[in-house]
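Novice: From just these sequences and the hints, can you work out the full model?
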Amino acid sequence: MAIHKIIFDVGQVLINFSPKNLFLKILKTDQEVDYFLKNICTWKWHLNQDVVFDTSKAAGPMVKQYPKYKEAIEAFYGRFLEMINYKHEENINLALDLKKEDTKFIYSVIFQEINLKNIDYKIVL
Numbered sequence: 001m002a003i004h005k006i007i008f009d010v011g012q013v014l015i016n017f018s019p020k021n022l023f024l025k026i027l028k029t030d031q032e033v034d035y036f037l038k039n040i041c042t043w044k045w046h047l048n049q050d051v052v053f054d055t056s057k058a059a060g061p062m063v064k065q066y067p068k069y070k071e072a073i074e075a076f077y078g079r080f081l082e083m084i085n086y087k088h089e090e091n092i093n094l095a096l097d098l099k100k101e102d103t104k105f106i107y108s109v110i111f112q113e114i115n116l117k118n119i120d121y122k123i124v125l
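Just so it is clear: in the sequence shown, position 20 is 20 by this note's numbering, and no numbers are missing.
Rather than coming from a laboratory, the hints here were simulated on the basis of the structure.
Among the hints, erroneous ones may be present.
Straight-line Cα separation of at most 20 Å, EDC-like style, residue types lysine to aspartate or glutamate; simulated pairs [claimed, not checked]:
no.	residue 1	residue 2
1	LYS44	GLU74
2	LYS25	GLU71
3	LYS68	GLU89
4	LYS25	GLU82
5	LYS20	ASP34
6	LYS44	ASP34
7	LYS57	GLU74
8	LYS28	GLU71
9	LYS100	GLU90
10	LYS28	GLU82
11	LYS20	GLU71
12	LYS28	GLU74
13	LYS64	GLU74
14	LYS100	GLU89
15	LYS38	GLU89
16	LYS87	ASP97
17	LYS20	GLU82
18	LYS70	ASP30
19	LYS68	GLU32
20	LYS20	GLU32
21	LYS68	ASP30
22	LYS25	GLU74
23	LYS20	ASP30
24	LYS104	GLU90
25	LYS70	GLU82
Specialist: Written out as structure tokens, the structure reads:
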């Protein structure tokens, strides 16, 4: 049976990202970054954007609740590319092979600001 369509989740499937890359620039210490990611912009909060919310509106309620962390909260979705560590070469190569066979792609990505064609890693499928 031929594959005609495939869905790729971009984060952690095509690219690896770590929020610490970005937040060490803003919050400065590992302890403050760990606190921020465990208590404010948590992984659960991040995943909830994928299911329920529009990421362009995600920061507002958090900034009201944690005004001290305004810059970091707004950066979570506004500066995503700074979180990227590397691309998953095997998965990229698989996607490129499937693309050669005229497979249609659907990308699951919650960062609305991302244009896959502009990522440094040349993930142009």
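Novice: Any of the earlier hints contradicted here, and which numbers?
Specialist: Numbers 3, 15, in rising order.
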